[in-house]
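All chains should be built: construct the whole structure from the sequences, respecting the hints.
Spelled out, the chains give:
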Amino acid sequence: MKARVHVTLKNGVLDPQGKAIGHSLNRLGFPEVGEVRQGKFIELELAGTDAAAARTRLDEMCRKLLANTVIENYSIEILS
Amino acid sequence: MKAAVLVFPGSNREGDIARAIELVTARKPQMVWHGDGDFDAADLIVVPGGFSYGDYLRCGAMAAQSPVMAEVKRRAARGVPVLGVCNGFQIITEAGLLPGVLMRNRQLKFICGDVHLRVETGQSLFTNRYQSGQVIRVPVAHAEGNYFADAETLRRLEDRGQVAFRYCAPDGTRGGTGNPNGSINDIAGVFNEGKTVLGMMPHPENAIEPLFGGGDGRGLFEGLVEALS
Numbered sequence: 000m001k002a003r004v005h006v007t008l009k010n011g012v013l014d015p016q017g018k019a020i021g022h023s024l025n026r027l028g029f030p031e032v033g034e035v036r037q038g039k040f041i042e043l044e045l046a047g048t049d050a051a052a053a054r055t056r057l058d059e060m061c062r063k064l065l066a067n068t069v070i071e072n073y074s075i076e077i078l079s
Numbered sequence: 000m001k002a003a004v005l006v007f008p009g010s011n012r013e014g015d016i017a018r019a020i021e022l023v024t025a026r027k028p029q030m031v032w033h034g035d036g037d038f039d040a041a042d043l044i045v046v047p048g049g050f051s052y053g054d055y056l057r058c059g060a061m062a063a064q065s066p067v068m069a070e071v072k073r074r075a076a077r078g079v080p081v082l083g084v085c086n087g088f089q090i091i092t093e094a095g096l097l098p099g100v101l102m103r104n105r106q107l108k109f110i111c112g113d114v115h116l117r118v119e120t121g122q123s124l125f126t127n128r129y130q131s132g133q134v135i136r137v138p139v140a141h142a143e144g145n146y147f148a149d150a151e152t153l154r155r156l157e158d159r160g161q162v163a164f165r166y167c168a169p170d171g172t173r174g175g176t177g178n179p180n181g182s183i184n185d186i187a188g189v190f191n192e193g194k195t196v197l198g199m200m201p202h203p204e205n206a207i208e209p210l211f212g213g214g215d216g217r218g219l220f221e222g223l224v225e226a227l228s
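Each protein sequence line maps, in turn, to chains A and B. Going by numbering that gives the first Met the number 0, the first sequence opens with residue 0, and the numbers climb by one from there. Going by numbering that gives the first Met the number 0, the second sequence opens with residue 0, and the numbers climb by one from there.
Calculated from the structure, these hints are not laboratory results. The beta-carbon is built from N, C-alpha and C at its ideal position, and this holds for glycine as well. Careful: at least some of the hints might be erroneous.
Within a straight-line C-alpha distance of at most 27 Å, the following computed BS3-like cross-link-like pairs (lysine-lysine) qualify [what the hints assert, rightly or not]: (1) B:72 to B:1; (2) B:1 to B:27; (3) B:108 to A:18; (4) A:9 to A:39; (5) B:27 to B:72; (6) B:1 to B:194; (7) A:9 to A:63; (8) A:39 to A:18; (9) A:1 to A:63; (10) B:1 to B:108; (11) B:108 to A:39; (12) A:1 to A:39; (13) B:108 to A:9; (14) A:63 to B:72; (15) A:63 to B:194.
Simulated coverage check for chain B against chain A, where a stretch passes if three residues somewhere in it have a Cβ under 8 Å from a Cβ of chain A [as the list claims (entries may be wrong)]: (16) 46-60; (17) 101-107.
Written out as structure tokens, the structure is:
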């Protein structure tokens, strides 16, 4: 089983990297770009076939290591 | 005072801080490897600066889960003092010993140079050699020193006097250009509730000899010796 985790900064948390990316895109001739938020994408191979159980485990992984919930949100996607 | 200095793959200031401790205690600290979950009793545990585990995922995130940190958390819960400097601060916040988080500097640049700090309280193990409100000059060297905590946590920190140091101008005026990284409320260092754990981004261990640009950091180590010997 394969899973994808997206980790993004919470709303209201300053994202200087996203801002810098936005400015660069504007300068490169993409004036339509407004706010940019940058995050992380983590792909995991998991043993087992129970998607619900995997989701519970992934949630624990996110809280323990993959995300810092002080400033980050995470979302979990299971690909069968 | 018996001190233990943790060493992770990628630590690089452990020698500097060991030297500062040896200078004031005349005794070499015990160096403890990250995989060592059971080390000799110590009066003080130091988590030094560097780039533990290459700063993978988030600064300090990997180190916070290492066997040695599980033991540090157990000892901190029993009241053993813990000092985290720079990457050490990042590690102990990731480990949950202190609230908040260290984010990328506001201007996205690695900063390296002297800063001025206002000592917010002289009433702690770590700061008893300083006066409350005293301004000291010590170096910083980091890319992720931008302290952040949510409004509720911040209010609690301020109400309980858990802010140890704030960035300031040489005359002690808070913030403005004195804040090098965008830290919320100009926070450079915080205590836990019992003031037995201190995390700070600046490097007091690199300001212990006037010959090398200043000795303002030495008081922190001398104060610890006085409190813990």
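Verification of the supplied hints:
Among the hinted pairs, residue 72 (chain B) with residue 1 (chain B) is consistent with the structure: their alpha-carbon atoms are about 18 Å apart, no more than 27 Å. For the hint linking residue 1 (chain B) to residue 27 (chain B), the alpha-carbon distance of about 8 Å falls within 27 Å, and the restraint holds. Of the pairs offered as hints, the one joining residue 108 (chain B) and residue 18 (chain A) holds, with about 14 Å between alpha carbons and a cut-off of 27 Å not exceeded. Straight-line distance between C-alpha atoms of residue 9 (chain A) and residue 39 (chain A) comes to about 13 Å, which keeps the hinted pair within the 27 Å bound.
Between residue 27 (chain B) and residue 72 (chain B) the alpha-carbon distance is near 23 Å, which keeps this suggested pair within the 27 Å criterion. Under the criterion of a C-alpha separation no larger than 27 Å, the hint pairing residue 1 (chain B) with residue 194 (chain B) is consistent with the structure, at around 19 Å. Note on residue 9 (chain A) and residue 63 (chain A): the hinted pairing holds, with a Cα-Cα distance of about 17 Å set against a maximum of 27 Å. Taking the CA atoms of residue 39 (chain A) and residue 18 (chain A), the gap is near 16 Å; set against the 27 Å cutoff, the hint holds.
Distance restraint check for residue 1 (chain A) and residue 63 (chain A): the Cα-Cα separation of roughly 20 Å lies within the 27 Å cut-off, and the hinted pair is therefore satisfied. Between the alpha carbons of residue 1 (chain B) and residue 108 (chain B) the distance comes to roughly 37 Å, so the proposed pair goes past 27 Å and is violated. Taking the CA atoms of residue 108 (chain B) and residue 39 (chain A), the gap is about 20 Å. The hint holds against a cut of 27 Å. Proposed proximity of residue 1 (chain A) and residue 39 (chain A) is supported: the alpha carbons are some 17 Å apart, at most 27 Å.
At roughly 22 Å between alpha-carbon atoms, residue 108 (chain B) and residue 9 (chain A) fall within 27 Å of each other, so this suggested pair holds. This hinted pair checks out: residue 63 (chain A) and residue 72 (chain B) have alpha carbons roughly 15 Å apart, not beyond 27 Å. The straight-line distance between the Cα atoms of residue 63 (chain A) and residue 194 (chain B) is roughly 25 Å, inside the 27 Å bound, and the hint therefore holds. Coverage of the segment 46-60 of chain B by chain A holds in this model, with 3 residues showing a Cβ closer than 8 Å to a Cβ of that chain against a need of three.
Look at the segment 101-107 of chain B against chain A: 6 of its residues bring a Cβ nearer than 8 Å to a Cβ of that chain, three or more, so the hint holds.
The structure fails to meet hint 10 from the earlier list, while all remaining hints are met.
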